[in-house]
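J.: So the chains spell out like this:
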Amino acid sequence: MALPTDPAPKFQEYAHPEMIVSTQWVADHLGDPGLVVAESDEDVLLYETGHVPGAVKLDWHTELNDPVTRDYVDGAGFARLMSAKGIGRDTTLVLYGDRNNWWAAYALWVCSLFGHPDVRLMDGGRAKWMAEGRPVSTGTPEPAPADYPAVDRDDTRLRAFKEQVLGHLGQPMIDVRSPGEYSGELLHMPDYPQEGALRGGHIPGARSVPWARAAAEDATFKRRAELEAIYQGEAGLAADDDVIVYCRIGERSSHTWFVLQHLLGFGHVRNYDGSWTEWGNSVRVPITRGDSP
Amino acid sequence: MTARPATGALHPRLQEIADDFTSMEDQDRLQLLLEFSQELPALPERYAAHRDRMEPVPECQTPLFLAVEVEPDEVVRLFFDAPAEAPTTRGFASILHAGLDGLSADEVLAVPAEFSSWLGLADLVSPLRLRGLAAMLARIKRQVREQREAR
Chain A
1 MALPTDPAPK FQEYAHPEMI VSTQWVADHL GDPGLVVAES DEDVLLYETG HVPGAVKLDW
61 HTELNDPVTR DYVDGAGFAR LMSAKGIGRD TTLVLYGDRN NWWAAYALWV CSLFGHPDVR
121 LMDGGRAKWM AEGRPVSTGT PEPAPADYPA VDRDDTRLRA FKEQVLGHLG QPMIDVRSPG
181 EYSGELLHMP DYPQEGALRG GHIPGARSVP WARAAAEDAT FKRRAELEAI YQGEAGLAAD
241 DDVIVYCRIG ERSSHTWFVL QHLLGFGHVR NYDGSWTEWG NSVRVPITRG DSP
Chain B
1 MTARPATGAL HPRLQEIADD FTSMEDQDRL QLLLEFSQEL PALPERYAAH RDRMEPVPEC
61 QTPLFLAVEV EPDEVVRLFF DAPAEAPTTR GFASILHAGL DGLSADEVLA VPAEFSSWLG
121 LADLVSPLRL RGLAAMLARI KRQVREQREA R
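So the protein sequences, as listed, match chains A and B. For the first sequence, our numbering begins at 1 and goes up steadily by one. For the second sequence, our numbering begins at 1 and goes up steadily by one.
Do not take every clue at face value.
[As the list claims (entries may be wrong)] Calculated pairs, SDA-like style, for lysine to any residue (alpha carbon to alpha carbon, straight line, at most 25 Å):
#1 Lys57(A) - Arg29(B)
#2 Lys141(B) - Arg77(B)
#3 Lys162(A) - Leu128(B)
#4 Lys57(A) - Pro83(B)
#5 Lys57(A) - Leu32(B)
#6 Lys10(A) - Lys128(A)
These are computed hints drawn from the structure, not numbers from a lab.
All chains, please: the whole structure from these sequences, using the hints.
T.: In structure tokens form, the structure reads like this:
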């Protein structure tokens with residue numbers, strides 16, 4: 001049974017207010033039957049240092065990915081994972097994490113590929129929960145295994161592959177990486193590991209809108225009017241556009257995907273999770289260098 | 001799959017750390033890494049007040065700073081700084097501190113570059129995250145080499 005949505009006025013402005021909850025909402029509903037809160041972080045040990053009481057850990061790198069093929073787990077693997085975390089198909093799943101919810105948004109996007117009916121993001125993520133001095137636990141929950149059906153992953157609506165990006169050249173595309181990565185001056189995120197792209201630059205025609213433009217100082221999302229000014233104003237997108245977003249491995253672009261798809265209500269947004277680590281290594285794909293699309 | 005070093009390839013202090021990690025179950029291994037992260041010594045005043053004297057390690061997920069001192073008797077001293085909200089990076093730094101601080105320059109230079117893959121952590125923390133550890137070791141060895149050559 002789905003839990004009630006968060007009635008906070010800020011969220012009612014968004015196209016899909018049912019996709020987002022506040023830290024206060026989570027605090028109010030912790031322990032409610034039918035709710036599972038999951039933390040998804042960049043740092044694999046952060047959860048162990050203390051987390052929202054009762055929250056389970058959901059790791060993108062080691063759990064949502066197939067260990068061999070560069071792809072996500074399949075329907076059976078996802079069902080096993082969800083079951084082990086105590087998440088049923090009718091569970092309200094609330095995700096949060098470090099780094100402005102990058103990995104939480106990425107996990108939410110993967111859950112969406114499997115059509116999990118009710119998955120939400122906690123606005124502001126881990127940083128906001130901690131900044132507010134809310135309770136933290138280091139205990140590891142041992143949820144009773146839930147019944148989760150094996151549902152086929154649908155890669156057609158929300159996910160773009162390289163061949164589709166090639167066919168999409170000239171149509172709306174957003175590169176959410178830093179300006180240096182976009183121009184080709186940097187091969188990887190400043191202060192981040194080199195993930196092995198042989199070429200720098202961006203996909204021809206992609207406009208640069210760094211992911212952080214959508215985030216406020218406290219890691220929450222900006223208000224709808226501010227987001228519209230950035231994406232529909234400056235970047236010139238329309239809500240009925242067919243849009244592809246990408247970054248380096250798909251984590252930061254999941255953040256922007258969430259903004260376009262759920263906060264602004266765009267109808268057709270796909271995340272190209274191969275992103276620059278695929279494009280920047282592919283033979284004979286077109287690349288543009290410099291500051292212009 | 002954990003690659004196994006040839007017997008005697010590692011300094012006993014590093015070997016002991018590697019043995020501790022690889023003898024454990026997965027969840028205990030993460031717990032051990034967390035314990036290492038909590039035991040990373042604080043910076044001495046000469047670095048705490050002067051981060052510009054330290055070398056950034058951009059290969060780590062969260063910016064980490066390190067300093068290497070080779071003393072006149074060739075003993076290597078290591079100093080690391082990483083924020084509390086980056087426990088994995090702190091854990092990696094702490095492993096290197098526990099394993100290398102106080103060894104001789106020759107002993108540090110003899111540490112195989114593949115050491116990071118001998119802790120059984122690849123599947124647990126992901127190879128991408130493990131790169132930070134390899135990068136720290138490479139930078140430490142480079143600094144030891146440079147400081148020795150500068151004499």
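J.: Evaluate each hint against the coordinates.
T.: Okay, the hints, checked on the actual structure:
A threshold of 25 Å between alpha carbons decides the hint, and for Lys57(A) with Arg29(B) the separation of about 16 Å falls inside it, so the pair holds. For the proposed pair Lys141(B) and Arg77(B), the alpha carbon gap of about 12 Å is at most 25 Å, so the pair holds. A threshold of 25 Å between alpha carbons decides the hint, and for Lys162(A) with Leu128(B) the separation of about 22 Å falls inside it, so the pair holds. Proximity of Lys57(A) to Pro83(B) is assessed by CA-CA distance (about 21 Å); at most 25 Å being required, the pair is judged to hold.
A threshold of 25 Å between alpha carbons decides the hint, and for Lys57(A) with Leu32(B) the separation of about 18 Å falls inside it, so the pair holds. About 16 Å separates the Cα atoms of Lys10(A) and Lys128(A), which keeps this hinted pair within 25 Å; it holds.
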